[in-house]
Every structure is written in C-alpha cells, then in structure tokens.
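Asker: Here are the chains, one letter per residue:
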Amino acid sequence: MIRHQIVKFLGAATAAAAVAVAGSAQAQQPLKIGFVYVSPIGDAGWTHQHDLGRKEMEKVLGAKVATKYVENVTEGADAERVIRELAASGHALVFTTSFGYMNPTVKVAKSFPKVSFEHATGYKRENNVGTYNARFYEGRYLTGIIAGKMTKSNIAGYVAAFPIPEVLQGINAFTRGMRSVNPKAEVKVIWVNSWYDPGREREAATTLISQGADIISQHTDSTAPVQAAQEKGVYAFGYHSDMSKYGPKAHLTASTHQWGAFYTRVAQEAIAGKHKPSNIWGGIKDGMVKLAPINPVVPKDVQEMVARAEADLRLGKLHAFAGPVKDQGGKERVAAGKSMPDDQLAVMDYYVEGVQGQLPKK
Amino acid sequence: MWLRLEARAAPSRAMRYLPPLVAAALTIVAGFAVSLALGRDPLAAFYAFFVQPVSSLNGVAELLLKASPLMLIATGLAIGYRANVWNIGAEGQLILGAIFGGGLALHLPGVDSRWLLAAMVLAGALGGMLWAAIPALLRSRFNTNEILVSLMLVYVASLLLSYLVQEPWRDPQGFNFPQSKMFADAALYPILLDSTRLNAGFLVALAVVACGWLFVAKSFLGYQMRVAGLAGAAARYAGFSARRSVWIGMLAGGAAAGIAGVGEVAGPIGQLTPSISPGYGFAAIIVAFVGRLNPVGIFFASLLMSLLYLGGEAAQMELRLPSAITGLFQGMLLFFLLGSDVLIHYRVRLLRRAAA
Numbered sequence: 001m002i003r004h005q006i007v008k009f010l011g012a013a014t015a016a017a018a019v020a021v022a023g024s025a026q027a028q029q030p031l032k033i034g035f036v037y038v039s040p041i042g043d044a045g046w047t048h049q050h051d052l053g054r055k056e057m058e059k060v061l062g063a064k065v066a067t068k069y070v071e072n073v074t075e076g077a078d079a080e081r082v083i084r085e086l087a088a089s090g091h092a093l094v095f096t097t098s099f100g101y102m103n104p105t106v107k108v109a110k111s112f113p114k115v116s117f118e119h120a121t122g123y124k125r126e127n128n129v130g131t132y133n134a135r136f137y138e139g140r141y142l143t144g145i146i147a148g149k150m151t152k153s154n155i156a157g158y159v160a161a162f163p164i165p166e167v168l169q170g171i172n173a174f175t176r177g178m179r180s181v182n183p184k185a186e187v188k189v190i191w192v193n194s195w196y197d198p199g200r201e202r203e204a205a206t207t208l209i210s211q212g213a214d215i216i217s218q219h220t221d222s223t224a225p226v227q228a229a230q231e232k233g234v235y236a237f238g239y240h241s242d243m244s245k246y247g248p249k250a251h252l253t254a255s256t257h258q259w260g261a262f263y264t265r266v267a268q269e270a271i272a273g274k275h276k277p278s279n280i281w282g283g284i285k286d287g288m289v290k291l292a293p294i295n296p297v298v299p300k301d302v303q304e305m306v307a308r309a310e311a312d313l314r315l316g317k318l319h320a321f322a323g324p325v326k327d328q329g330g331k332e333r334v335a336a337g338k339s340m341p342d343d344q345l346a347v348m349d350y351y352v353e354g355v356q357g358q359l360p361k362k
Numbered sequence: 363m364w365l366r367l368e369a370r371a372a373p374s375r376a377m378r379y380l381p382p383l384v385a386a387a388l389t390i391v392a393g394f395a396v397s398l399a400l401g402r403d404p405l406a407a408f409y410a411f412f413v414q415p416v417s418s419l420n421g422v423a424e425l426l427l428k429a430s431p432l433m434l435i436a437t438g439l440a441i442g443y444r445a446n447v448w449n450i451g452a453e454g455q456l457i458l459g460a461i462f463g464g465g466l467a468l469h470l471p472g473v474d475s476r477w478l479l480a481a482m483v484l485a486g487a488l489g490g491m492l493w494a495a496i497p498a499l500l501r502s503r504f505n506t507n508e509i510l511v512s513l514m515l516v517y518v519a520s521l522l523l524s525y526l527v528q529e530p531w532r533d534p535q536g537f538n539f540p541q542s543k544m545f546a547d548a549a550l551y552p553i554l555l556d557s558t559r560l561n562a563g564f565l566v567a568l569a570v571v572a573c574g575w576l577f578v579a580k581s582f583l584g585y586q587m588r589v590a591g592l593a594g595a596a597a598r599y600a601g602f603s604a605r606r607s608v609w610i611g612m613l614a615g616g617a618a619a620g621i622a623g624v625g626e627v628a629g630p631i632g633q634l635t636p637s638i639s640p641g642y643g644f645a646a647i648i649v650a651f652v653g654r655l656n657p658v659g660i661f662f663a664s665l666l667m668s669l670l671y672l673g674g675e676a677a678q679m680e681l682r683l684p685s686a687i688t689g690l691f692q693g694m695l696l697f698f699l700l701g702s703d704v705l706i707h708y709r710v711r712l713l714r715r716a717a718a
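These protein sequence lines map, in sequence, to chains A and B.
Per the working numbering, residue 1 is the first one in the first sequence, and the count goes up by one each step.
Per the working numbering, residue 363 is the first one in the second sequence, and the count goes up by one each step.
Computed, partial: chain A to chain B, Cβ under 7 Å: (1) Pro40; (2) Lys68; (3) Val70; (4) Glu71; (5) Asn72; (6) Thr74; (7) Glu75; (8) Gly76; (9) Ala77; (10) Arg81; (11) Val82; (12) Tyr123; (13) Phe162; (14) Pro165; (15) Asn193; (16) Asp349.
Listed next, with one range per pair, are the computed distances between beta-carbon atoms: (17) Glu126(A) x Ser418(B): 24 to 34 Å; (18) Gly287(A) x Val518(B): 43 to 53 Å; (19) Glu126(A) x Leu592(B): 55 to 65 Å.
If you're looking for bench data, these hints aren't it; they were derived computationally from the structure.
Backbone N, C-alpha and C fix where the C-beta goes; we use that ideal spot for every residue, glycine too.
Using the sequences and the hints given, assemble the complete structure.
Answerer: Next up, the structure:
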C-alpha cells in the first residue's frame, strides 16, 4: 500500500529512490491481514484448512505480512464486531471464512472503503468485498469414481449439512462420478441440518450403513462419519482435510480444500496495491481442490482411472456436469454435448438421477 | 475423609455481597497463572482481557450491546430462581422471541411505523412466555422437573427456527441458504450512538432491569415468592400459592428472554438466521448468580460477563490465546463464586487421621 502510494505520487526520475525508500518502509511495516474463523482450528475440518492456508501464506511471504486470526466466532451479532475490530486495527485485508459472515462483512466494508474484504462462499460483492470459493464438486466426482468401483452393495451413503447449492453440487457430482463407472449405483442422503454435530453425523452414518450403504461420504465438518465407518467395517471418504488417521482402514481418500496459494496471491496483490476483489471459484485446475493420498486397498487400475479423470478435469476435457444431465424426475437439465454453466450450478436445487429419496421441500 | 464441611450457625452479614468480588479477584489471579502457564506475559493478558476492549467509545458501545441480552435474561430468570423455580431453557425462549418478533417483521414488510418495533417486542415477550408456559404447566399440573423440560425445549426451539429459515421464511433471493430476508428499517432498533452498534434495545433492557428491581424489592408478590424460595413450608402456611410462584417465575424468565431474542434479530443481526445467539440464555444463568439474583447486581454482572466475551476475542487477537479462554474464564468465575458461597455458609474442619 505504502509502496503503491509513494510510487504513484513521485515523478519517474525519483522512482528508483522512492522504491528504495518504500522497500525499507515495507520491511518495517508488514501488510496486516486478518482472518475470522467460524470454529476452533482443531486438527481437521473447514477451519483447519483455512488456517493451513494462512500458515502457507505466512511461510511464503515471511516478514511482508503479519496475520491475526480469531477462531470460533459465531455467525451472528459477534461476527460484525470481530470483523470491524480487525478492520479498525489496521488490517488492510480481511478474510471472513464462513457463509454466515456475509451480511456483517458487507456492513463493515461500507465503513472501511480502504480495506479489502474477501468472503468465502457468499454471493454479495462490493467494490471492496470479493468472494471466493472452490469447486468442491470436482473432488466429489473423483471420489464418486472410487465409490462406484469399491462398492459391493451398489449403495453409497451421504451425510449432508444443508440443502444449499454447494452441498447439492457435491451430492450430484459424487453420484454422477459413481454412476459413470457403475450405472447400478444409488446414493442415499441423510440431512443433519448442521455443519458440525459429531453426534448427529455419526448417527446418520450408522443409519445409512444399516440401510445397506457400504461407502460413506460426508459434507459436514467432523470426523464422526469416518470413525463410524471404521467401526462398522465399511469405507468412507473424508472431507475438508485428510481424515485418514481417524479411520485408517475405512478412509479411501478425501476431497481436501487448499487455500494457501489463493491467500498468498491475494496478499501479494494487496502488497503491490493491485488487489481488486472479485468472484473466485477455483477447482482442481487451480489447485484449490485436491485428493488426499489414496488408500492402497483401492486397486491400481482404479487409481489410474482416477488419475486420468483428474487430468481431464484439469485440462477441461471432463466436466462433472457434462450433458446429458437428468434430474431425479427424468427432466433433462443439460442437453448432450453441453456442460452446465456456472450460473446454473450456483442455483442448483435438485437431485440428479441416481440419488434416492426426496429433497427437503422448499 | 480429611476434610469436613460444617454448617455455620449464622453466615457473616458482611460476607453477603462479598463473594462476587472475591470470585472476580480469584478469577484474575487464576488468569495470571493460566497465562504464565501458556507462556504469555500476564500483564499483557490482563490488559488485553480487561482494559483494551473498553479503551474506545466503540468498545464501550459493544460492551453495553453485548451486556443487554445478558442483563435482560438474567433479571427474568432471577425472579424465578428466588422462588426455587429453575428455568434453564432461556436460550429456547430467546429463540421463540426472535421467531415471534422476527416473524412479525417479515410478514409486515411495508409497514413504516415505530409501532411495528413495539409490536415486535410484545410479540417476542409473548413467544418467550409461550415457550416457558410449557414447563410451567407441566410442573404445576404434573410436578414434572422444569429443569429438564425447559432445557430440552431449547433444542426443539432451535430446530423450529432452523425449519422456518430453511422453508417457509427463506429468502427467495438467497440461493437456498437458510436465512430470511433482511428486515426493513422500521423493524430495526434505532442506533443510540453514531457509528457504533449500540441501539435502543439497551434502553429496553435497562427498563426491564428496573422493573425487575421494583418487583423483587418493592412488591408484595415479589416478597411472597422470595419466602416461597427460602422456606417453602412457611410460605404454604402463610397461604402463598406455590403454583402461582411457578407460573410467575417461568413466565418472567420467558418474557425477558423473548425480548432479548427480538433485541438480537432487530438489533445487530437484522434478519433471521439458524443461529442467533452464542448461548446468551445459558450465560445469563451465570450472570444471575454472580449478580446475587438481584437486578442491580445483575446489571454489573452482565457488564463483567460481556467484558469476558470481548476480552477473550482481544486475547486471541493480541496474544494468540485459544478461543476456549473465554469459556475458561466464565467457568472459573462461577466456580470461585460457588466456592466462596460454600465457605461462607460452611466451615471446613480438618480431621486427624485417628478421628477419621
């Protein structure tokens, strides 16, 4: 910031000297960056991955940045105070890492026009509020391929949080990946109406297993579903983080979130005074979604199949929602030869073919 | 047994109001020890926890904003607690208040009158009372345990709110996210101090605390309920109705919690979302006891409790202390308070091995 202003106001002739001055000023004054986390950092899960990203950024940029974070900030009246506090105490860049921080972030951003805010998973943007998210569904498609090959009962169980587009994209991509290699496969879903509730998540996983599912996937935050799968002797996929230590036998792989490169890039842009908040939605190609190491029980040929699909996703040759996409009722949502555009993905509110049960009514 | 507790014949009068201060002092001392154990400078921790949050006007405004629901709920609960009516479910009553008040705001979007807010506060009180009436009815009719019933209804209330914001009251422009529309300006408390979030809900809370004080300190009914709590048999002998105590105790807590719920959604939040309270209904139980079940004491206790929340955030930002530190401090405060209460009412006798 300082460098930017100085360079802007001094003439070209003194620019070299100015850069030297700015360089030393910058060495003394790192860019202050704030993070707001919705849960304790812990050792796995949504917030853990954001904190790994923060640490990666610190490692890459070293003394150029100074970060602060506040964990376990509830989505409600408290969030606005914490965000405001960070903005008021000289943080030039603030990452708010949960959907429920959307309105508080936008409110605070209006009173701090010079601070840049980046809000994860939301949809409201301003001049100084950007949004970022990852195409989690791409990782889901890949785990679906493994599920389709590893299941014996042809039923996978899915522990899900809330019926919002992001979660439905995941369920549907998983189902499509699974059925791409196993057309008989079906997916059963249980909604736990919470992002983090180990008790209910475990119960949901156990119920799904008793209904015949021999593979458990989850879109929730705790390690309980993986642990339940381990105890019942079935397979599972972790989510957010590599959860293999919670169920070494059950855990086939995990679709993990990688924010480090994104945080580093945004911070570098901000240091250079060139950051423009925008709408970022990165996937496997951008390194924001990555599979954890695959369990050796998965046969070589299946691992190779997954690697090929991953390469195709990266190259854009494969799309998790390449037509024809039919919803549960048989209605065609994407015609053959086309892929679903982002604006349709962003409002997904149905199950695709192969998911059992009814979506909770609107 | 090496130690034995013996009841004192008459607890010292001077000690009646001392325990909260002793507890606060001990909490600070223990806090020093904790920050030393975590390798932090205890003075810096003390500063971050207790001074920094209130070192600006905005900080003071935040302190009062956060203390408002706590003092409101604790005042309502204290009325019941004094009569041994144990309403543990204020969190659920708060949610019902938010649903009733917020529901009104969502269903009257075009109304542009200050009366809308007044109606929302009344609706919120009604919602909280309705939720509290369930354990009251079950206790007075069937002698069920109001602690269990009121506590379990918290989970029912939270699921009800979750259902409402996901289905009938969901914002159609909200990409299916579980949240309602934002409230119109007429449905929001006006801001008291420019460029802060302190709103007129604080005045409502003060008014309720004042009414609570009048009730417990000056009214005959308040006196009857206190007698019922101190000596149930004497109250029955004097013809005071135990059933009425239960009803008034539960409804007072419910109404206050309901108003607090409206204060959150019509204040800093401005819409209905699945989670609207970080546990004010439970924290208020600590506030009620630290405040000696007296509305004046509750006012100060709510400020202290609010400071612990804000201080916990500052300690995280400044010293990288974990977020659990807030809960730790709140827990220590209550523990030291109950501990000093025990020592005031009982004396500890050391027993010789032979005697044991």
